[in-house]
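Enquirer: Protein chains in written order, with this note's numbering: chain A, 1 to 190; chain B, 1001 to 1618.
The calculated DSS-like cross-link candidates involving lysine-lysine, where the alpha carbons are at most 25 Å apart (straight line), are:
hint	chain 1	residue 1	chain 2	residue 2
1	B	Lys1016	A	Lys175
2	B	Lys1024	A	Lys175
3	A	Lys168	B	Lys1024
Which chain A residues face chain B? A few, computed with CB under 7 Å, are given here:
hint	residue
4	Ala24
5	Pro36
6	Val43
7	Met60
8	Leu61
9	Lys125
10	Arg129
11	Ile132
12	Leu143
13	Thr144
14	Phe146
15	Phe147
16	Lys168
Stretches of chain B that chain A covers, calculated by requiring three or more beta carbons in the stretch to come under 8 Å of a beta carbon on chain A:
hint	stretch
17	1042-1052
18	1056-1067
Hints are computed from structural coordinates only; laboratory data are not their basis.
Each residue gets a CB set at the ideal place from its N, CA and C atoms; glycine is no exception.
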Amino acid sequence: MNREHSIPIDPDRQLVQAMSQGDARALDELYARHGPGVLSFLVSRLSDRQLAEEVLQDVMLAAWKNADGFRGESSVRTWLLVIARNRAINARRRYAPTLVSVDTVFNLQSTDTGPFEAVAREFDKAAVRDAIGYLEPDQREILTLFFYHQLSGPEIAEVLEINPGTVKSRLHRAKEALRRTMMLREGTDA
Amino acid sequence: MHEELLELIPLYVAGKLPPEQAAKLEHHLARSPELHTALEEWQTIAEAVRQQSEEWARRLPPLAPYIRAEVEKRFNGQGAEPTMITALNQPTRLGPRSATQQSRLPLSLAAALIAVTVFASLIVFLSSREDSDGGQNGDTAGLAAQEGSPETAIAQDSSPTLTFTPFVATEIAARPTATPNDIHSPVAGVGNATSTATPAFQEAGSGSASAASSPGLPPNLQPTRTLSQDDCFVTNPQETPVAIYRWPGRENEVTGTLQPGEQRRILVTSGTGWYEVYAPEGGIQGWVFIEDVRLGGNCDNLWLPSPTPDVPTTSPTTCRVSVITGDTITIRSGPGMDYAEIGSYGGQMVARSRSANGWYEVAFAPQSQTLTGWVPETWISANTHCATLPVISPADYTPQPTPTRFPTAAAVPQIAYFTAVPSDIQPGDTVTVSWETRHASRVWLEYFGTQASGNAGTEAAPMPLAVFSDLPLTGSMDIRIPATFRDDAITFSLVINTYGDGERGPSMNRVVRIDYPQSQEQTPSLPTIISFEVTPAQTAPGETLTATWETQDARRVHLSLLGETGSGQPERREVAGRGQSTYVAPAGYTGKLYFRLEAEGEDGLSVSRTVMIESGNP
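Use the sequences and the hints to build the structure in full.
Expert: Below, the structure written as C-alpha cells:
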C-alpha cells in the first residue's frame, strides 16, 4: 500500500518505472544521471577506485532487477545509495585485507605534538580535502551525503539505517574528526 | 540555545533550513563571532566535500557486459533493441572479480607494505621495547615476503587526482558481526563423531529455571537454571571424562569431572584458556582447560577477574604450513605415496623437517592430541621459516611400525578464546594479546583505532593500523601502542580463515580503551575506574566486606555481585560515581564472591573491573 505523497512528479521515478517494465534505455538514462553520484559515494566508502567501479555495476544490476520494488517513498538517489551502501559493505567483507600503508603507522609516531598544542591553523580548503581522505568511511560518508548528494536528514537516516536524531550528532562528530585529523596531519607534514 | 544554533549551521550551509529558521540563524550569526567562525568552517568543509566528490564522480565507466546480458534477457521477449550509451573509452570489465584475487597496488606501495609486515613482526618478536619511530623500515624492504603478502602487480589507472592514494590499500571489512555462535559451535550442531545425545543448550543434570530456590540465600545465589542461548558453556567432546580443577592449572587438586557429552555453564575466564564452570545443581565447581573441552554459546561477555596471569609467548621461527586448496589433505605415515594413509586434515600444521623427495613432516592436532605425519609439498603453502628446515633423505626415514590413524571429524574452525589486556591503557603502554584457535588454516591479527566502544559500531570499516598475518593457532604477543596515538580506543581483531588465501572466516574483537592524561573538551570523555577494592580478600560467612571505588567521567555506575552457587542474574545495582558500600558475606555459604564495577559514560562506552573474594570457613 503506498502512502500518499504531495511530491511533484519526479522524472527519475518515471525512469525507474520504465525500467521495471523492461525499458533498457531507461536504465542507461538512469545510469547517466545517477551513476556518477553513486560512483562517487562508493569511492568515498571503499577508498578503492577499481573496487568501487565494480560494485557500481552490481548496484546498477540490482537496481535493474528490483526496479519494480521501488515504491517511490524515497527519492531515487536515496534508493540507489541504500543499495550501494549495502553492496559496499558486503564487498568489503568478501575480500581479504591487505596491509595498511606505512604512512599511517609511522606518521603517527613521528611527532609528539599533542592535539591541543597545535597552533591555530587556517582552516583552508586544501587541508580539509586532504583530511577528508583520512577519515573513516562512516564519517566521510555522512559529509558527502549531506553536502554533495544533498540528501535531507531523514533521507540520510534512511541510507545509514540510523535514527534521524542521530544524524546531527554524527555530522558534528565528523567535523570533530576532521579537525583532529587536520591537526595530526599538520604535525606530520614536512 | 547556543548549542542549537551551532547544530543548525551545517543545515544552513547545505541549504536545508526552512526560511524562518534560516532568518533566525542569520540574525544570530551577525552577532556572534563564534557562530560566524563555525559557519566559515562548515562552508569550507562543504566546498571541499563537493569538490572531492565531484572528482570521484568523474570518468564513469560504461555499463558492464554482464548487465547488458541481463537486460537483453528481458528484451528478447519484446523484440526491441536496447540502445547503449558508450560513455567513455574505458577497457571493458568482465564482471566482479573472484574472491581470491587481491587488490593491486602500486609497486612502491606494495614494497612498503611488505616492509611494514616484516617490521611489525620484528617489533613483536624482538622483545626490546624500543620506540618504533618512523625511520627503521627501510632496511627491511629487502626481506622476503611472507605468505599472504599482496601481489605486486602494477595498479591500473592510478588517478593522480585522488588525494587519499596512500589509503588505496583496502580497508578491512565492516567489523564482522559473526556471532559467537558461529565460532563456538555447540556440539549438537556439528556433525562430530564424538558428540553424544545431549541436546544443545540444555544443561546436563537438573536445573529448572527458578524451581528449587534455596531459602535463606540472596536471589543471586540461587541454583543453576537451564542454559539459554546467550549462556557460554563448555561441553566434553571426548569419550573420557575431563578433569575439573580447583584453580586454573593442572597442578591443582581435582574437584570434579565432566563426563563425556556433559555441559557446564561458565561466566568467568582466566584469560589463559581456563574456564570456571558451574556444577549442575548450582555452585562453582572449578576450572577446566580449553584443550579438554569445546566452547559453545555466547562467550563474548565472560568476566575476567584481576589480576590475570601471564601467558606464554610463541616461538618466532616456527615453520607453519597450511593446505593451499582450502580443503583437507591426506596425511601419510612417511614421505612417499606408498606409505599408509593415516587420515586427512585441513587445519594449520607445524613442519619439523622436509624430505629430499618433496614431503614435509608435520605436527598437527585434529583434536586435543598432537599427531605427526607427512604431507606432499605440492598442496602446501609455507612461511619463510620453512626454508631452513632440516632435510632428510627418504632412505634414512624409518616409519613407525603401526601408524596411528585418526578419525576425520568435521573440523569446525573456531576461536577458543581471544583476549587483549589490559582493557584500559594510556598511549605508550603495552597490550598483551592472547588467543587460541582450533582447526584454522591461517590466523591473523589486525588492530585499528576506533572512536567509540567496539560494541557501539554496527557499520564501521576502519583502516587497520597493523596486520600480523602469520600467526600460530595458539599464542600471544605484546603490542605497544605509540605515545602519539590519538583515537579513543583500539579494536583488536583476530581472524581465522578456513580456506585458501583470501576468504575471511570467523573473527573476534576486543576493545582496549585509551585514557588520555589531559581532559579533552568537546569530545565524549571516557569513563575511568580510578580504583576499585573489596576488602578483606579472605572472609567468612557473616563477616563484613567493604567495597570502595572511585570513578571519573562516568554517567552511571553499577556494582554487581555474583556468588558461587549463583548462576542467575548477578545482583546489580546502581551506585554513585564514588563511594563505599558494605556487604555481609552470606551465611551458610562458602565459596567465591565476584564483585564487578561497571562505569558507563556517554555514548554507551563502559569499562569494568572485577574483584574476587573468598568466603571460607571461619
